[in-house]
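First to last, the sequence lines map onto chains A and B. Using this note's numbering, read the first sequence as starting at 7 and increasing by one per residue. Using this note's numbering, read the second sequence as starting at 6 and increasing by one per residue.
These are calculated hints, taken from the structure and not from any lab test. Values in this document were obtained by computation on a predicted structure and should not be read as measured data. Please note that the accuracy of each hint is not assured.
As the list claims (entries may be wrong) - Each computed BS3-like pair below joins lysine-lysine, with the alpha-carbon atoms no more than 25 Å apart:
no., chain 1, residue 1, chain 2, residue 2
1, B, 108, A, 57
2, B, 8, A, 50
3, B, 57, A, 77
4, B, 74, B, 113
5, B, 113, A, 33
6, B, 113, A, 50
7, A, 68, B, 108
Unchecked claim - Which residues of chain B face chain A? A few of them, derived with a C-beta cut under 10 Å, are:
no., residue
8, 20
9, 48
10, 51
11, 54
12, 57
13, 58
14, 97
15, 108
16, 111
Cβ coordinates follow ideal geometry from the N, Cα and C atoms, glycine included.
Chain by chain, the residues:
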Amino acid sequence: NAGVMQNPRHLVRRRGQEARLRCSPVKGHSHVYWYRQLPEEGLKFMVYLQKENIIDESGMPKERFSAEFPKEGPSILRIQQVVRGDSAAYFCASSSRQINEQFFGPGTRLTVL
Amino acid sequence: DAKTTQPPSMDCAEGRAANLPCNHSTISGNEYVYWYRQIHSQGPQYIIHGLKNNETNEMASLIITEDRKSSTLILPHATLRDTAVYYCIVRVATQDSGGSNYKLTFGKGTLLTVNP
Chain A
7 NAGVMQNPRH LVRRRGQEAR LRCSPVKGHS HVYWYRQLPE EGLKFMVYLQ KENIIDESGM
67 PKERFSAEFP KEGPSILRIQ QVVRGDSAAY FCASSSRQIN EQFFGPGTRL TVL
Chain B
6 DAKTTQPPSM DCAEGRAANL PCNHSTISGN EYVYWYRQIH SQGPQYIIHG LKNNETNEMA
66 SLIITEDRKS STLILPHATL RDTAVYYCIV RVATQDSGGS NYKLTFGKGT LLTVNP
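Turn these sequences into a full structure, and let the hints guide you.
Below, the structure written as C-alpha cells:
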C-alpha cells in the first residue's frame, strides 16, 4: 500500500537552523499539497505544486518558506532560519487530478527549540 | 467554498451506529460534500464524498438531504478505533482554472468519542 510518505516523522531544530521536509506522493500522483497544523488548530493550506511547477503558494509565509516538486524525487518543503512559531505538524497530500480527493501522509512534526 | 457547521463533540457506544451531522446551508450547485477524519497525531484520512445522491463505501455512508443544505455521515458499527475528529468540507470539484477548488478548508470538526 504505497500511500503518501513523509520524512522525517519528527524533526527537532534550534532557532536559526534550516528544516527540510520531504514528501513522496502516491505513485502516479502529480499533484502535491502542503498543509500546516499549529497546536490545537485545524489544518491550513500552504502550497499546491504540480510536477516542477508551483501552482498556488498563497498560504505560505512570504519569507523563509519555499517548496519544490522536481521532475524526479520527492517534494520538499524548506524552512530557513526557523523560529519557535514554526513548530507545528506539516502534512503533505497528493491527488491524481486537481479535482480528485487528496490523500494525506502521516505528517512531519517540527519542534523548534 | 461554503462554510460548514458541525457539533464540537459527540459520543457513541461501541458497536452502535455513529451519525455525524453537518450543515452547509450555503452550498452551491457545483460543490461536493467531503468527509475526512483525523485520528490523534495522524494525517487526515479521506472517508467519502458526494454531490446529491447518497453514497456508501467500505468505511461509511453519506446521506445528503434533498435540498443539499445538510448531510450526515454514518459509521454503521463504530469501533474504538473510530475515535477521531471528523471534518465535513464542501468543495467545488469541477475543473476550473480560475478557482482554487484544490484548497481543503478544515474547520474545527466533530470530536467523536467511541466508548466501550
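Now the hints, each set against the structure:
Proposed proximity of residue 108 of chain B and residue 57 of chain A is supported: the alpha carbons are some 18 Å apart, at most 25 Å. In summary, the hint linking residue 8 of chain B to residue 50 of chain A is supported, as the alpha carbons are separated by about 15 Å, within the 25 Å threshold. Restraint check for residue 57 of chain B and residue 77 of chain A: the C-alpha separation of about 38 Å exceeds 25 Å, so the hint is violated. For the proposed pair residue 74 of chain B and residue 113 of chain B, the alpha carbon gap of about 19 Å is at most 25 Å, so the pair holds.
Of the supplied pair hints, the one linking residue 113 of chain B and residue 33 of chain A is violated, its CA atoms being roughly 31 Å apart against a limit of 25 Å. At roughly 11 Å between alpha-carbon atoms, residue 113 of chain B and residue 50 of chain A fall within 25 Å of each other, so this suggested pair holds. Distance check on the hinted pair: residue 68 of chain A and residue 108 of chain B sit about 18 Å apart at the alpha-carbon level, within 25 Å; holds. Residue-level restraint check for residue 20 of chain B is violated (minimum Cβ-Cβ distance to chain A is 27 Å; threshold 10 Å).
Interface hint status for residue 48 of chain B: upheld, as the beta-carbon distance to the closest one in chain A is roughly 4 Å, under 10 Å. The interface hint given for residue 51 of chain B is met, as the beta carbon of that residue sits about 5 Å from the closest beta carbon of chain A, less than 10 Å. At its closest, the beta carbon of residue 54 of chain B sits 6 Å from a beta carbon of chain A; the interface hint therefore holds under the 10 Å criterion. Proximity of residue 57 of chain B to chain A is violated relative to the hint, the smallest CB-CB distance being about 17 Å (cut-off 10 Å).
Residue-level restraint check for residue 58 of chain B is violated (minimum Cβ-Cβ distance to chain A is 17 Å; threshold 10 Å). For residue 97 of chain B, the suggested interface contact is upheld, since its CB lies about 8 Å from the closest CB of chain A, less than 10 Å. With a least beta-carbon distance of about 5 Å to chain A, the hint placing residue 108 of chain B at the interface is held under the 10 Å criterion. With a least beta-carbon distance of about 4 Å to chain A, the hint placing residue 111 of chain B at the interface is held under the 10 Å criterion.
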